[in-house]
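K.L.:
Taken in sequence, the protein lines are chains A and B.
Just so we're aligned, residue 1 is where the first sequence starts under the numbering used here, counting upward by one.
Just so we're aligned, residue 311 is where the second sequence starts under the numbering used here, counting upward by one.
Since the hints were made in silico from the structure, they are not lab data.
Careful: at least some of the hints might be erroneous.
[Stated by the list, open to error] Simulated pairs of lysine to any residue, SDA-like, Cα-Cα distance not exceeding 20 Å: (1) Lys-89/A x Lys-662/B; (2) Lys-91/A x Asn-659/B; (3) Lys-486/B x Asp-592/B; (4) Lys-486/B x Gln-277/A; (5) Lys-662/B x Leu-85/A; (6) Lys-662/B x Gln-277/A; (7) Lys-486/B x Pro-275/A; (8) Lys-91/A x Lys-662/B; (9) Lys-91/A x Ile-666/B; (10) Lys-89/A x Met-668/B; (11) Lys-89/A x Ile-665/B; (12) Lys-91/A x Met-660/B; (13) Lys-91/A x Ser-335/B.
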Amino acid sequence: MDNIFNITFLVALLSASLRLSVPILFAALGGMYSERSGVNNIGLEGMMLVGAFAGVVGSYFSGSQWVGALVAVLSGLLIGALFALITVKIKINQIVSGVAINLLAVGLTSFFYRALFGITTTPITVKAFEPINIPLLSNIPVIGEIFFRQTILVYIAFLLVPLSAFILYKTSWGLSIRTVGEHPMAADTVGIPVSKVRTICVIISGALAGLGGCFLSLGQFNMFVDNMISGRGFIAVAAVIFGKWNPKGVLLASLVFGVADALQIRLQTAGIAIPYQFLLMFPYILTVIAVTGIVGKTVSPRALGQPYEK
Amino acid sequence: MNKVADDSLDKKATSKAFNRDKLLSIGVPIVSVLIALLLGSILLIFIKVNPLEAYKHLIFANFSNPYNLAEVFVKATPIILTGLAFTFAFRTGLFNIGGEGQMFAGAIAAVFVGLKVGHLSPFIAIPLCLLAAILAGAVWGIIPGILKGVFGSSEIIVTIMFNYVALYLVSYVVDKPLREASGFYPQTDLIGSGAFLPYIIPKTRLHIGFIVAALLVFIVYLILWKTPFGFRLRAVGLNPDGAEYSGINIRKNIIISLAISGALAGVAGFTEINGIHHRLLDNFSRDVGFDGIAAALLGGASPVGVFVASLLLGVLKTGANAMQRGVGVPANIVNIIQALIIILVLAGNMLKPKIIVMLNRKERGLE
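Starting from the given sequences, assemble the full structure and let the hints guide the process.
P.N.:
Dropping the structure here:
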């Protein structure tokens, strides 16, 4: 009991934390684009579910996890486009739209899973991503084990963080996104196409959430089960807020949630006296604490949640 | 613009427009349901099932015998309650996405009390269970309310997170403290029969919980539209700045509104436990909270609308099982149809002004 916190334990814990933070990181980065442009996206949960499902289908029928990931991203794009259509173009309330997208995703994935693989089957397993040992780096003790023996999607997720920071703060595109989210009317006056920027951002959020979902089905579990996202999309929404709408913050928030999740699993197997259900609650309670602003006030993009009328 | 003159001049036109608006508010949901079924039939053709055959099961299986018909109301009961919960908060400008968790909280309380006092007379046991469920649901709603009122935390995020906390709480309760005496399954013992809700129609599962839900439809309507208290709540929803200016304490109203909203969803836990399952088990009545949101959106966030929409969802849910048995269509297709209906109804409502303008233009063209 008292030697569970040794170095092997810590390495395994941190390595798992990194892995578990990845689906949240993908979706939260997506959510960041959407929210930075002014569109609340609580449909991340459903978009992840679609990605998880599409990844498995793609991998199953092609025999390649790469095709699976591609199908997941494309499906994410599609569901993102639908979300953009109803929130940006038709201007349905964004929260309500998110709820509808989540319901739709649950229906679509569970229906097509049964339509394709039968009503009562044991989950099919598919070809998934294997960890890649990065030459030299993976041999560094401790650090190598934690950081450089992960699957390709993990590396992609972490590379997306500086890339997003670059796009958001160093390109004119990023400036457009930020302006549209803060002051759409000003953006419109200087000729930035508000609806177009928002649509693209929402579609990006769908694609990234799809990738996050497919990381779960092709990088962690190697299968699809109904409702397998089980709240990670909502945690991603919280990570955007917790991370104060910037890539670095979102990364940190995702890591915090990853550690919480990993810790919960480890403590469960370590036979700690706390009932495992309380450990399972931990990430959700952490999220609640995060949004109370006790850990620092968060200021959202000013036009967040408001449809833009010319 | 001179509004008074406008009004007197266009009185006739206004009343016509008003009728048109009313017509559209009934027409939009009906057309949406039809389009959703049409889109669903494309999916059915995709899996090589005759849509007409499938829809025959989906709709008419409900009316084939009294048991199935009663099931529609059984399925609708908790949806009405979680739908009212969403509606109540929505009318005060809040999004309570936590109906699911508040229902679980109500269920835990109802089972706890039901196990303790179930051997007593139903006249004591049932009201005590109901009261416990109301209180537990209210607690589960008031926490996000307080966090919103005091810290300004998004009630959307907090209520969603509380769904999962409640879900794991149920899982814990049936696993450890209230696990059945034999210890075999992760579920509680049956509550005492004194706490069982009486059945309305023999040989069906239709219990008086449905009447409780129907009464609450009426009560919620009265509270929101016929009392000064409800007026204040709706004022906060319609125009928070104006409400504050006129001296309404917004924070207090937010907290009260979410507490009542949670209490309503808590009652759903009561009807499900005392009326249907008679014990608490893991994963019972999943998604009822979200179905309630669907019913509220479909019913235009009015109590009567929620009632009608819940019955429609009840038809779809009961029919889905018949359809799966009859023609082997995965029952989950109704989730898709349900989501499509919501999106179409909301889109229709958003486009309503445009439709009216279009109709007016057509009319003027005719004149």
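K.L.:
Now, for every hint given, state plainly whether the structure supports it.
P.N.:
Structure-based check of all given hints:
1. The suggested pairing of Lys-89/A with Lys-662/B holds, with an alpha-carbon distance near 14 Å, which does not exceed 20 Å.
2. Distance restraint check for Lys-91/A and Asn-659/B: the Cα-Cα separation of roughly 10 Å lies within the 20 Å cut-off, and the hinted pair is therefore satisfied.
3. Among the hinted pairs, Lys-486/B with Asp-592/B is consistent with the structure: their alpha-carbon atoms are about 12 Å apart, no more than 20 Å.
4. Of the pairs offered as hints, the one joining Lys-486/B and Gln-277/A holds, with about 10 Å between alpha carbons and a cut-off of 20 Å not exceeded.
5. Between the alpha carbons of Lys-662/B and Leu-85/A the distance comes to roughly 17 Å, so the proposed pair stays at or under 20 Å and holds.
6. As the CA atoms of Lys-662/B and Gln-277/A are separated by approximately 47 Å, the hinted pair breaks the 20 Å bound.
7. For a cut-off of 20 Å, the pair hint linking Lys-486/B to Pro-275/A stands: about 9 Å separates their Cα positions.
8. A hinted pair counts as satisfied when its Cα atoms are at most 20 Å apart, and Lys-91/A with Lys-662/B qualifies at roughly 12 Å.
9. As the CA atoms of Lys-91/A and Ile-666/B are separated by approximately 17 Å, the hinted pair is consistent with the 20 Å bound.
10. Taking the CA atoms of Lys-89/A and Met-668/B, the gap is about 19 Å. The hint holds against a cut of 20 Å.
11. Distance hint between Lys-89/A and Ile-665/B is fulfilled; the C-alpha atoms sit about 16 Å from each other, no more than 20 Å.
12. Proposed proximity of Lys-91/A and Met-660/B is supported: the alpha carbons are some 7 Å apart, at most 20 Å.
13. Annotation: proposed proximity of Lys-91/A to Ser-335/B holds, straight-line Cα distance about 18 Å (limit 20 Å).
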